[in-house]
Amino acid sequence: MKVIKKTLIVLSFVASALFTFAQTPTNTKRVDVTRGNFLSVQAFDINHAIPEPPKDESLAASADLETVLRVQAMRTEEQIAWAKTVDKNSLYMYQSVLGDWFTKENTPITVALIRLVEQDTNGLSLRMKALYKRPRPPTVSSLVQPCVAVPFSGSYPSGHSFQAYARAAVLAEIFPDKRDALFLRAHEIAWGRIIAGVHFPTDIEGGRLFAEALMKEMLKNPQFIEQINKSRTEVAPFLVKKAA
Numbered sequence: 272m273k274v275i276k277k278t279l280i281v282l283s284f285v286a287s288a289l290f291t292f293a294q295t296p297t298n299t300k301r302v303d304v305t306r307g308n309f310l311s312v313q314a315f316d317i318n319h320a321i322p323e324p325p326k327d328e329s330l331a332a333s334a335d336l337e338t339v340l341r342v343q344a345m346r347t348e349e350q351i352a353w354a355k356t357v358d359k360n361s362l363y364m365y366q367s368v369l370g371d372w373f374t375k376e377n378t379p380i381t382v383a384l385i386r387l388v389e390q391d392t393n394g395l396s397l398r399m400k401a402l403y404k405r406p407r408p409p410t411v412s413s414l415v416q417p418c419v420a421v422p423f424s425g426s427y428p429s430g431h432s433f434q435a436y437a438r439a440a441v442l443a444e445i446f447p448d449k450r451d452a453l454f455l456r457a458h459e460i461a462w463g464r465i466i467a468g469v470h471f472p473t474d475i476e477g478g479r480l481f482a483e484a485l486m487k488e489m490l491k492n493p494q495f496i497e498q499i500n501k502s503r504t505e506v507a508p509f510l511v512k513k514a515a
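Using this note's numbering, you'd call the opening residue of the sequence shown number 272 and step up by one each time.
Errors might be hidden in some of the hints.
As the list claims (entries may be wrong) - Calculated cross-link-like contacts (lysine-lysine; reagent style DSS-like; alpha-carbon spacing at most 30 Å):
(1) K404 - K355
(2) K501 - K449
(3) K501 - K400
(4) K375 - K491
(5) K491 - K355
(6) K359 - K449
(7) K359 - K487
Claimed, not checked - Pair by pair, the computed Cβ-Cβ distance ranges are:
(8) L414 - L387: 15 to 25 Å
(9) L490 - C418: 16 to 26 Å
(10) T410 - A344: 26 to 36 Å
(11) M345 - W372: 31 to 41 Å
Quick caveat, the hints were computed from the structure, so don't treat them as lab data.
No residue lacks a Cβ here, since even glycine has one placed at the ideal position from N, Cα and C.
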């Protein structure tokens, strides 16, 4: 399902926001991070992984809010349903790309690997949110009408976006021929948070960049590579059946 189809007219607002966002210097604060499942504390510095969010009342912040309001004004019942699906944050939203056979029962090694990565993303996301403390759209403007429950955590970066892109990155290592489709799915999931009215565009872009930085470090870890190879072996029989 291409939930972003009716949001294309707002991309000019997003482009303005992201241009200013990309030029913002990275944060120089320091936050202690405990060791994750596949991360080296010394090698991965969350304090410099992504740019700062837009400053309050900046052009980028205004474009962010304008995009949320325009998406809200034209969202359909189908899009609202998608936003509620995304809110549940299920790994199996990628079944539409991989196939219905992608289940915990069929791929326990792969699911366990992704759960370990999720533990890392959850911990890092909470620390990053605490670092920036960005208010969510409904707090910034009473015109924003969310269609899902508004989390109490900060808005930047988007945890759902961070996790969606991190999951897609792991799955893309296991299913390289599905890479483009997996990342498109992650993009659709991330946009679901804008449709829901609980995140700004730069929040989900921050999540994407954060996941990119995370995967870059994980790919340096031999244990992570070993688990990826085990997952490739596990899914191989299903790929053979599909091809036959």
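Against the structure, the hints:
1. K404 - K355: Status holds; Cα separation ~24 Å.
2. K501 - K449: The given pair, whose Cα atoms are some 18 Å apart, holds under the 30 Å limit.
3. K501 - K400: violated (33 Å)
4. K375 - K491: Satisfied, since the Cα-Cα distance of roughly 27 Å is no more than 30 Å.
5. K491 - K355: The given pair, whose Cα atoms are some 36 Å apart, is violated under the 30 Å limit.
6. K359 - K449: Between K359 and K449 the Cα gap is close to 23 Å, so the pair holds against 30 Å.
7. K359 - K487: holds (27 Å)
8. L414 - L387: 15 to 25 Å: At 40 Å between Cβs, range violated.
9. L490 - C418: 16 to 26 Å: Roughly 37 Å apart at Cβ, these two residues miss the hinted range, so it is violated.
10. T410 - A344: 26 to 36 Å: Cβ of T410 to Cβ of A344: about 19 Å, so the range 26 to 36 Å is violated.
11. M345 - W372: 31 to 41 Å: holds (36 Å)
When the structure is compared with the earlier hints, violations turn up for hints 3, 5, 8, 9, 10 and for no others.
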